[in-house]
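Protein chains in written order, with my numbering: chain E, 1 to 99; chain A, 100 to 1482.
Simulated from the structure, these hints should not be mistaken for laboratory data. Cβ coordinates follow ideal geometry from the N, Cα and C atoms, glycine included. Don't take every hint at face value.
[To be verified] Covered stretches of chain A (in silico footprint by chain E; criterion: 3 or more residues with CB under 8 Å from a CB of chain E, positions within the stretch not fixed):
| no. | segment |
| --- | --- |
| 1 | 171 to 181 |
| 2 | 384 to 392 |
| 3 | 878 to 885 |
[Unchecked claim] Chain A residues, not near chain E, derived (Cβ > 10 Å throughout):
| no. | residue |
| --- | --- |
| 4 | Arg-149 |
| 5 | Asp-201 |
| 6 | Leu-223 |
| 7 | Ala-367 |
| 8 | Glu-618 |
| 9 | Thr-772 |
| 10 | Pro-906 |
| 11 | Arg-972 |
| 12 | Tyr-979 |
| 13 | Glu-998 |
| 14 | Gly-1223 |
| 15 | Ser-1367 |
| 16 | Ala-1370 |
| 17 | Arg-1373 |
| 18 | Asn-1392 |
| 19 | Glu-1406 |
[Claimed, not checked] Chain A is faced by these chain E residues, among others (derived, beta-carbon under 10 Å):
| no. | residue |
| --- | --- |
| 20 | Thr-6 |
| 21 | Thr-9 |
| 22 | Asp-35 |
| 23 | Thr-53 |
| 24 | Gly-54 |
| 25 | Glu-56 |
| 26 | Tyr-57 |
| 27 | Asp-59 |
| 28 | Ala-61 |
| 29 | Leu-81 |
| 30 | Leu-84 |
| 31 | Gly-89 |
| 32 | Ala-91 |
| 33 | Leu-93 |
| 34 | Val-96 |
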Amino acid sequence: MSTALTLTTGSRPDGSRVLTVVGEIDMSNAASFADALNDAVRPDGEPLVVDLTGVEYLDSAGLAALFPHAERIALIAGPLLEPLLTISGLADLTTVKSG
Amino acid sequence: MTGADTDPRTRADVFAVDGEIGPDLARVDWPAHPLGPPDGWPQSLRTAVRILLSSRFPMWMAWGPELTFFCNAAYRRDTLGRKYPWALGRRADEVWAEIWDDIGPRIDTVLRTGEATWDEGLLLFLERAGYREETYHTFSYSPLRDDDGTLVGMLCVVSEDTERMIGERRMATLRDLGSDPSVVRTERETLAFASRQLARNQQDLPFTLTYLFGDDGDARLVEATGLAAGHPAAPAALSRADLTSVWPLRALTEGETVRVPLDGPAFADLPQGVWPDPPTEALLVPLRQQGAAPYGFLVAGLNRYRALDDGYRGFVELAAGHVATGIASARTYQAQQRRAEELAELDRAKTAFFSNISHEFRTPLTLIMGPVDELRGRMQDADPRIREELEVIRRNGLRLGRLVNSLLDFSRLEAGRMQARFEPVDLAAVTADLASVFRSAIERAGLTFEVDCPPLPGAVHIDPGMWEKVVLNLLSNALKFTFDGSVRVELRAEDGQAVLRVSDTGIGVAADEIPRLFERFHRIENARSRSGEGSGIGLALVQELVGLHGGTITASSTVRQGTCFTVRLPFGVAHLPADALAPAGTGRAAASAEPFVQEALRWLPGDHSDLDQGDMAPVDGPVTALRDGAPARVLVADDNADMREYLTRLLRSAGHRVEAVADGRAALEAARTRTPDLVVSDVMMPRLDGLQLVAALRTDPRTAGTPVLLLSARAGQEASIEGLEAGADDYLVKPFPAAELLARVRANVELARLRNHHARWRTALVDSLQEAFFVCDEDGAVVEINAAFTDILGYGPEGLPYPPVQPWWPDPQAEPEAHRQVAAAFSVLIGQNQGTYTVPVTHRNGHRLWIAASFNQVDDPDTGRRMIVGTFRDVTAEHYAVQRETALAGLGMRLSQAEDLPDALHGVLDELRKLWRATGVVTAVFGDDPTPTVTATDAALRWESLPDARRQALVALRDTPLLTPVATRTHGAGIAVEHPDGTMALWIDLGEKRPFTEQDQTLLALLAGHIGQGLHRVHQIDQQRETALALQRAILGPAQLPAGFAVRYSPATLPLKVGGDWYDTVGLPDGRIGIVVGDCVGHGLRAATVMGQLRSACRALLLQDASPGQTLMALDRFAALLPGASCATVFCGVLDPATGRLRYSSAGHPPAIVVHPDGTSQLLEQGRSRPLAVRPGLERPEAETAVPARATLMLYTDGLVERRRQPLTVGIAHATAAIRRGRGTPVEDLATEVMDQLTPEGGYDDDVAVLLYRHPGPLELDFPAESSRLAEVRTALRGWLDRCGLAPANAYNVLVAAGEACANAIEHGHRDSPGGRIRLRAAATADALRLSVTDTGHWRDQARPADPHRGRGLVLMRALMDSITVTPGATGTTVDMQARIIR
């Protein structure tokens, strides 16, 4: 049984692209999260918005998927995740907005 | 159940062990006694009584609250006296009321501390023989314990030392009195000395008075001890006429000993001295004198605490005898002193006279020598003995003539009256001629004689008679000091002079002596020579004579190589006075040469000894037999064979036994081998002269008292004083009349016998001692011993002195410990004024002895040196007896106190190890198990870890006959013993090289027997207890507690494991948990059985209906039917571990305590009603509360909190505080802390049950190491964290950290070994969480470069938690994490 995770890629009205993540990310499903990121991130143009507001659990496996794209993404995260993003140093490399 | 009642061997036959005391003990009215009938006695009392009765060593014991008195036959015999059998079964303080002040506190100490006491030679005043008696005891009190380990009595192992202590004390006084007579010069000093010694023993002689009779028969006081001068009991004078005198004078003058009660007015205020009360009797002993009225008498105050038995009376009489002997000795000494002075005066007058008339000798000498020569001619065919005697006369006549001539030559030289006549002679011929006279003597001495006198170029003027003396003196001298090699005479013409050299290969002369060689009367001391004879004038005369010739004489010498004398005479006559010249005459030699040669020949060994046949006819004169009849043994030392023979014959003719030797050294050896009665010695002797001989004899205690009579040719005051100062007893100048010598010999022998009477008496006394006696010098060398010494140690007087280290010391290699003990005792011996010690020593034949020695330091009055005088006795038997009894008692204790069989065996091994100071003791029990069970003092030893050799030795030991010791030479000993599980091989490892003696083996066999029996008894009790324990455990509580709980249980009654209290947890079908703590009335086994039933009932009721109130009501009905259950109190609750909700009801039980994480607390006081079965059927209230997150709940019984003189609330507050302090501690540790902190002084005296719960209980998850399981693990953890009441952010941090740890475990631990498992455990305290994640895999490569991704995980964990510890191990890795809880 894999950990519950829903990944949805879409566009905002302003045209920016958004990856909405709902559920938990751990080592059992970090690969699909990474795949989704790879698909959605573009080398140029506006950064990809990754919406983590619906994520209830994220650990180093999920962070590992985010790090390679740090310069091409912008994060939206709830208060639960914020300290983690700060401690891991990801918040220094990318923009994090409160969701 | 103690098990004792079921062992038939221990039943009523407890007194049957001993046929003497046992029946009397059985007659005690035990049923009426506090201890009750013996059938009901505890096992430990029976064991103690059995040990006591079966021992042959004196013992008594006190048992129970009244300290009931028991003793054995040996104690009755030695100590109890008339108190038997009255004392049996009485209170000890009644039996020994008179000494209770002394022993009571000791017994108290034993009973209070459980530590044994040891007293050696303690003075106790016993009333066992009808009076207060001074007695001494060496004893040890050791504790006795009841079956449950409580101190209930004490065992006393005692040996009475009264006889020994008092005997030693008296012997010391007698020894001191006889310590040395020669220090004593006058009667006054003698008496003062004796008095000082008497005063030192105030115990036996509280006071003494010494009275001496005057010529008128009145007595005057000369010495007193213990009484002040002027005391009415010590008048300065007593008149024979006064019939009312304080002391009965008349009987004493007649030599009777009188016993006097001290009840008159004169004795009203006698001092008490060292005793509590003054003496009541005195013994008056005359100071007896041989064959005459007593000198006086000794008044001895008597020790009222000792009976005047034969020993005491004998002691006082011996002491008086000492005083009398001292007086005799002093008076004799004074008489002798006067005589010596008179003799010296006589000698002085005689010597003056003798010197003056010496020239007159020539005439009588001539008249002797003429007829003697004539007689010799005529007696050619006469009896050889007559001719031999004529020869003696002639030889000594010649010698005397030569001496007289030399003396006269000198006086003439000095007076300038020597008339020389110088003739021209062929000096070579004359000299060679003279030399030839000596040839035969020199060659008989085994020397080469070389004469090298070639003709000189011209004549030399000499006086032939003088030249003769020059040459003969030089040759005589050379022969005297040369023992091998050659003597050489050489004549040469050198530088216008005739040069004569007489050289030898003799002993030589030291360079510093050469200048004095020609001094008149100078003799080189201690030079080895053929004879000690000589006047010391030979070379001086030679020098004078050479000088008269206008010549010179010089000497050159090298020690041990030889000496050369060189005489130089000028040729011609210019150097000579003209009026002294004479024409060449008929110079002939040898007329005066004969005495020289004859004398020299007597120095040489030859068969001129007629000693054995020389029975001389009795000498004229007053020769009377010795007064006491016994012939004297006289040792004669003279280097002159004629004189030796003469003295021998003379002394034999007077009936003496004579031994004759040729020098001082031989005399000393002879005297040491067998002490003579008298030594007659010449002063001048080779090797050791007379004065040195005297000095040597005086320094040796064996010969110090032997009288010495010195003989000398040297007349004069200085000589005799020198002799007397050296310690000679008399001095006789040659020549002497035979009768004078015999008279002096007789006088000296008698005087010495008289004077030595004391010393001989002392020697006889010392030799008659049963105890060994020895004297050491200040360095510890043994210089004197007695016969008992030799009997005990095997070393006799022939080996004296024995310098340290003495041969009886144990070998330092083989027995370092014994050696160390002796070395320690030795340093006490030479370092302290007095003392005692007991040490092991080795008999000459090698066997082990134990001796108890006591010693005193005394000053040797002659030398002023510190000497040590001591005695010892053989205590080997006692030593082993004490050792055996102590060991048996120790073993008995260990066995009776043992909890179980292994404990008993451990105790036994420990005792054995201590007893033999072994490195270790190991046993192997060969039972049903193929591997023997090993028990050893080293607890870590197993059969597998034993060396092969030891294993084989143990197997071999198993097959030896039971209880038969097997000892190796040096390493230890073993024995086979019966063990309940099979044969037990027991090995004592001595470690060092140390023999296991025969006594050791006997002891081991004896102990092994006891061990076997003891182990079987313990085993039986053990089995019964095992059963009891299994039952107890079954009724106590659940074997498995739910998570989050901790319990403690402490029964008040040991050795039971249960009491009337209980706790219980019951898992209910709906997941809730029933929790119960209860307390039945009373404790011990009875309460435990009630408890067990209540507990089971309560459990069943809870399972049926999970309502605390209902449960207690049902229990009411049950308890009403159960005897002893009424009034039990119970706290019964039902806890929901998920929510912390607790429903509860209390039946009269103390309230449960809840302590919140912030430290506030709450007592669960609702739902309370009466104890069980008080009003069955009545409703019971119920209450509900919630145990908050991370709070601690405690249920307990009143034993935890109830204290005398203290309200229960105080105890509860203490308990609450203890939980509050420990609310951050894991609950299991908290249980220990609470029990520790509330323990009253002296331990809990009531049953205690405690049940602790912290909410929520710990989370424990065990799941496969697969990443797909992580989500559900997180869910469970989230729920638990929620129950812990954590804030969401706080909880999320813990969740991520735990998630990382689990991910790590999957990645590292199980990537290469799928199928492993991971365990996660989380527990909460009031302010912190502890988590651990453990995997079961193998992290394949620890050194692998850190995976940057997993590295990030670790960083996260460290950031999120307060501490992280990673512990890698062989079976997996554990990550421990802690996080503080943020409020």
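Going down the list of hints, with the structure as the test:
no. : hint       : verdict
1   : 171 to 181 : violated (count 0)
2   : 384 to 392 : violated (count 0)
3   : 878 to 885 : violated (count 0)
4   : Arg-149    : holds (76 Å)
5   : Asp-201    : holds (81 Å)
6   : Leu-223    : holds (85 Å)
7   : Ala-367    : holds (108 Å)
8   : Glu-618    : holds (118 Å)
9   : Thr-772    : holds (107 Å)
10  : Pro-906    : holds (86 Å)
11  : Arg-972    : holds (90 Å)
12  : Tyr-979    : holds (80 Å)
13  : Glu-998    : holds (55 Å)
14  : Gly-1223   : holds (59 Å)
15  : Ser-1367   : violated (5 Å)
16  : Ala-1370   : violated (4 Å)
17  : Arg-1373   : violated (6 Å)
18  : Asn-1392   : violated (7 Å)
19  : Glu-1406   : violated (8 Å)
20  : Thr-6      : violated (14 Å)
21  : Thr-9      : violated (23 Å)
22  : Asp-35     : violated (17 Å)
23  : Thr-53     : violated (15 Å)
24  : Gly-54     : violated (15 Å)
25  : Glu-56     : holds (9 Å)
26  : Tyr-57     : holds (6 Å)
27  : Asp-59     : holds (5 Å)
28  : Ala-61     : holds (7 Å)
29  : Leu-81     : holds (8 Å)
30  : Leu-84     : holds (6 Å)
31  : Gly-89     : holds (9 Å)
32  : Ala-91     : violated (13 Å)
33  : Leu-93     : violated (13 Å)
34  : Val-96     : violated (16 Å)
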